[in-house]
Structure formats: C-alpha cells, structure tokens
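Undergrad: Residues per chain, in single letters:
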Amino acid sequence: MEWVGTIIQGILLGGIYGLFAIGLSLSFGIMRLVNIAHGDLIVLSAYVALVVGQGTGLDPFSCLIIVVPVMFALGYAMQRGLLNLTLSGGLLPPLLVTFGISVIIQNGLLQGFGAYTHRLQEGAIETASLQLPGGLSIGVYPLLVFAVAVLAIASLQLLFYSTRLGRAFRAVSDDADTAELMGIDNRKLYAVALGIAMIFTAVAGVLFAIRTNFDPSAGPIRLILAFEAVIIGGLGSIWGTLLGGVVLGIAQAVGAALNPTWQILAGHIAFLIILIVRPSGLFPRMRD
Amino acid sequence: MDAVQVERGTKVSRVFAILAMPALAALVTLPWWGDPGYMRLVAEMAYYVALAQLWNLLAGYAGLVSVGQQAYVGLGAYALFYLTGVWNMNVYLALLLAGPFAGLLSIPVSFAVFRLRGAYFAVGTWVVSEVFALSASLIGVLGGGSGLSLTPAILRGISPNRSERETILYLMTLAISFVVLAIVYLLLRSRHGLALTAIRDSEPASASLGVNTFRTKFIVYVVTAACTGLVGGLIFLQKLRVSPEAGFSINDWTVVVIFMVVIGGIGTIEGPIIGMLVFILLRELFADYGTIYLMLMGAIAIAVMLKAPMGIWGWVIQRYDLQLFPVGRRLALAPVGKPSEPIMRAAAGVVPQGESNL
Chain A
1 MEWVGTIIQG
11 ILLGGIYGLF
21 AIGLSLSFGI
31 MRLVNIAHGD
41 LIVLSAYVAL
51 VVGQGTGLDP
61 FSCLIIVVPV
71 MFALGYAMQR
81 GLLNLTLSGG
91 LLPPLLVTFG
101 ISVIIQNGLL
111 QGFGAYTHRL
121 QEGAIETASL
131 QLPGGLSIGV
141 YPLLVFAVAV
151 LAIASLQLLF
161 YSTRLGRAFR
171 AVSDDADTAE
181 LMGIDNRKLY
191 AVALGIAMIF
201 TAVAGVLFAI
211 RTNFDPSAGP
221 IRLILAFEAV
231 IIGGLGSIWG
241 TLLGGVVLGI
251 AQAVGAALNP
261 TWQILAGHIA
271 FLIILIVRPS
281 GLFPRMRD
Chain B
1001 MDAVQVERGT
1011 KVSRVFAILA
1021 MPALAALVTL
1031 PWWGDPGYMR
1041 LVAEMAYYVA
1051 LAQLWNLLAG
1061 YAGLVSVGQQ
1071 AYVGLGAYAL
1081 FYLTGVWNMN
1091 VYLALLLAGP
1101 FAGLLSIPVS
1111 FAVFRLRGAY
1121 FAVGTWVVSE
1131 VFALSASLIG
1141 VLGGGSGLSL
1151 TPAILRGISP
1161 NRSERETILY
1171 LMTLAISFVV
1181 LAIVYLLLRS
1191 RHGLALTAIR
1201 DSEPASASLG
1211 VNTFRTKFIV
1221 YVVTAACTGL
1231 VGGLIFLQKL
1241 RVSPEAGFSI
1251 NDWTVVVIFM
1261 VVIGGIGTIE
1271 GPIIGMLVFI
1281 LLRELFADYG
1291 TIYLMLMGAI
1301 AIAVMLKAPM
1311 GIWGWVIQRY
1321 DLQLFPVGRR
1331 LALAPVGKPS
1341 EPIMRAAAGV
1351 VPQGESNL
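From first to last, the protein sequence lines stand for chains A and B.
Position 73 of the first sequence, counting from 1, maps to 73 under my numbering, and the rest follow consecutively.
Converting from the second sequence to my numbering requires adding 1000 to each position, the first position being numbered 1.
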C-alpha cells in the first residue's frame, strides 16, 4: 500500500514537470528552438508574481492575471527582437543567444533581489489533503497542479487542431518555407508561439513557487527537468510531454522512497536509461 | 607549367612564432621577477586558455556543442584528491592519471549523449554532469556534499617551502596548458584535423567524401574529456579543496569558457586566446560591480552571435587573412620564374595526395 502511495505521489509530481516542459516542447515543435533560458523564465515568472503580489496584495493565483500577459509580451518581444535573427544560422546562434539570456536573467535577478530564497503564499490549500480508502492520503495542491497540467495540454490540443492559428502552427512546423509561400508571416507566428509558450511557463512558474522555495539560481535545474520530460515523452508529442513528466515524477518518487537524497539522481538515471533504450522517447511524434 | 606546392605556414605565422618566443620566456621566468598576484592571474589565464581550446575543438570543429564539460573538470579534480588522499599516491602520478580517468569515463557517457543531436546533445551532456555531481555528493569516501581537501602532507610532498610550491604549481600550469594547446594544434594539423575542419564546414559533404564522421567525433570527445580532466586536476591542485558544487560548476568551467570562445572567434585557434584576454580584461575592469560583468558578458556574447558570429578573430581573418596558428593547407605556385603566391585555401576537394584517404 505504501508503494501505491509513492506511485500516486510520483504521478502528481509529474504534473508540475509536465507544466515545466510544455513551453520547451512548444517552441521546439514549432520553430525547432531549444530555449536554454527556459528554466530561468520559469523562475522569472515566479519573481514577477512576487513583485505583483507585494505591490497589489493579491494572492498568487490572482496575480496570474498580470503575470501571464507580462510573460506573453516578453516571449513575443524576445522572439521578435532576438531569436528571429538566429533562425538561419544553424545550431549555435539560437543556443548561445538563449544561453546569454539565461545568464542575464539569473544575474539580473541576483542583482535585483539578492540570493535570498522566496516563496509564494497561497494559504490553506497548500497543506490540505484528501483521505482515500486504504489509509492513503494525497495533497489537494499536487492534485490541483496535475489537473492544471491536464487542462493545459487539452487546451493546446484544442488550439492546434481546432483553430486557424493552430493550423498555421502545424503548417510552419511541417514546412516553414512552404508555409511562408502560402502567405503565413513566419516571423510573426514564431513570436506568437513563444508568447503562448510563455503563458504556460508563467502558470508553471507561479504554481511551482507556491510549493517550493526559489532563488535566482533555481532556473537551470528546472530547464533540465523540463528537458528530460520532453525527451522521455518523445519530441514534438503534446501528450507525450505530460506522460514524460509523469514517468520522471514516478522515477523520482520511487528514488526518494528508497532514500530521500536519491530523488533527483533517480530521475536523471531513469532519463539516461530511456535515452539509451529508446532514444526517440516513449511516444515519438516527429524526428529532429 | 608551374609546379604547385602545399604551404602549411604563412610569413605572418613564422614571424609570430619568432615573436612569441620572448613572450613565452617572460612568462616562464615570471616567478623570479613578478609578484605572486601576477602569477595567480597568469596561471588562471593559462588554464582558461586550455579549457577554451578544448571546448572550441569540440564545438567549433567537431560540432559537438557540449555544455557539460564541467563533468570532466570535476572528475579530474576528484580523481586527483581521491588518489592522493585515500590511496596516498604521489601527487604527480595522480595528476597524470586524472586525465585518462576522465577520458575513460567519457566513453560510456558518449554512448548515451551521442544519441542526441544539436541542442539536445548540449542539454544531455549537462544532465550527465549533474549525475556526476549528485553522485559525488552522495558518496561518503568522496566527502559527500562538503568534498575533499588536500592534506598538508600532500602539499609538503610537492615542496616544503610555500613560495617554491607556488612556483612549481605555476610552472606546471603553464606547461600543461602549453601541452594542451600543442595537442589541439597538432591534432588540427594532422589528417584528423583536416577531417574535423571538413566536418566543421559541412558534415554531410565531409561524410560523402569518405570522412568517418562518427569515429572522428568520438575520438575528439574522448581526447577532449581526458585533457579537460587533466586541466581540472591541475586547477583544483591550486585551489586545495574540491566540492561537488565547485568541481562541477557549469558557470565556472563551461559558461565562461563558451563566452570566451564565442567572443574570440569559434572554429579558430587564435579565437579562444583572444576571448580569454577580453574576458579577463572585462572582469578586472568590472569586478567591483559584482554580477554586472556577467550580464555584460552575456550581452556581448549575444551581440557577437547576432552581428559577427565568427567572433573577433573571424572578423580579422575576413579582413586581413591572417593566420597565427596555420592549421589549413594552401596551394601555392612553386617559385619557377614567378614569385610564389598563395592562390587558394585547400578545400575538402583539393587535398594533396597522401592526405586524401581519411
């Protein structure tokens, strides 16, 4: 019974990893961009929520009304002003430009807020739990995060397959040059895509910061977790991203149950094993 | 008809080699005329040049953009501290073994990360480095999260006298950095270097001309890991203490190094040296402003990548066609009647006989 509890915890933990990964998966799927600054943008969202919360007295969930548009605008501007310039130059330019952005965000936050750890406060929901038959109890908050992750993936599915914008995204993803010939403005579309990716990043950042302490250096490990979820799930697969997060969450929960210090290591090792056994991920949609 | 001959050097490179001699002599004799502060700065510059050359070899030539080279810095450091501290091994022997140890571990690592392409390879190498860092922090004999220190006995083994010890370590740093630079230079001048340059310029084209791209990349990855491990051992021999956080620091051993290579000029030997000088200069100028100089480095790297992706040295080559470390081959008309004149750079297709069976 103890193990059932561990697995359930792992699945729920996978929700936040899935949320971390959506933005990364989206920008890879549409513009083949691997955003090294992704983890730092998650943390930046948390800091924006912190500032908004302090300024207005709103609780973190309500802060999203402001954090989401701010991050959308930032994503749009970043793609328009910087990343679109790197599209034609091969592998290095986008990698190094996002690397530079990552260093700037990390040190900018360090400059502005110091190295102190912060946490967003949402009140009673953080510690509430549900009693299940068999003596199991699960946290309401992790369940909520998981539900948000499922909802996020479902809304992406809807966006991609039932809207005009989604059709344009799929067209550009399949063949950028032909899409442009058909009258799509790729550069503008890419900017919108990174903006949308940042919406999910903002939600992920706020939800994570209610659960966990964060400081300016908290970004890189979030990038790694998001990246692992994307690769485990299979590149370019929307639902695979969430399932990848769940696999990672279960591996970490099992590792932590064996020895609390093994949690992160167990996730990394599961990732490397899957990489060696099934290099294209568990649910591949497309090839790099 | 004029005979064509292959030129491996230029007039500028020969003049540079002659001019470099007194500069090198000045650095080697620094302990006898400079103060210890300069010695530490020059030692740092030397090992950063070595790390930058190694990363440049990987990313600039073999197309393996790794952000996980700190794994091998840390492994080399831990190997040195473990062998001397726990096995009581002679410190020089341990330092010599640190490189091969890192190289050996890079072989299984390559099986995993070589399955990833491009930017995914980059993040994959980072995960591997995290695995090593976390493992080191969990292993009791490696000191767990607090790491290992060099005991006074080991230091006395180098030399009982402190200033003499600093001189020995300084000269070792210079020597090893020089050796690493020589290995990179000679590797690039060899037929493997020709293959690497071809891969740098176009991987599909070089493969179609018979370059075994996988084997070439594998060799470069392992050699680079071994050299990085050696340099890592050397760095922490001077720091006297290694912890998982310091040994496997991505910021200190990879981010800074990438900035140096990109700003100086990726895919050239001169670039990393220039990038290192720019980095040290900026750091000395802006050190008082704390994190600002790192943000400045980030901004400069972005600007260079967008405006001049070949870096400072790439711009110089384009403008003046200078080469201080000639690794390419040029075809020139032999001086039969006419003065010799380089006519074109040897591209993959005009390789002289004896060099073509890659």
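Worth double-checking, as some hints may not be accurate.
What the hints assert, rightly or not - Pair by pair, the computed Cβ-Cβ distance ranges are:
hint: 1; chain 1: B; residue 1: Ser1146; chain 2: A; residue 2: Gly57; range: 52 to 62 angstroms
hint: 2; chain 1: B; residue 1: Phe1286; chain 2: A; residue 2: Gly81; range: 17 to 27 angstroms
hint: 3; chain 1: B; residue 1: Arg1241; chain 2: A; residue 2: Leu258; range: 28 to 38 angstroms
hint: 4; chain 1: A; residue 1: Leu258; chain 2: B; residue 2: Leu1093; range: 50 to 60 angstroms
hint: 5; chain 1: A; residue 1: Val150; chain 2: B; residue 2: Ser1190; range: 47 to 57 angstroms
hint: 6; chain 1: A; residue 1: Gly57; chain 2: B; residue 2: Lys1239; range: 29 to 39 angstroms
hint: 7; chain 1: A; residue 1: Thr117; chain 2: B; residue 2: Arg1014; range: 26 to 36 angstroms
hint: 8; chain 1: A; residue 1: Gly135; chain 2: B; residue 2: Asn1090; range: 52 to 62 angstroms
hint: 9; chain 1: B; residue 1: Gly1037; chain 2: A; residue 2: Asn213; range: 49 to 59 angstroms
Please keep in mind that the hints were generated in silico from the structure rather than gathered at the bench.
Remember, predicted model here, so these are calculated numbers, not experimental data.
By construction, the Cβ of each residue, glycine as well, lies at the ideal position given by its N, Cα and C atoms.
Undergrad: Tell me the hint numbers this structure goes against, listed in increasing order.
TA: 1, 4, 6, 7, 9
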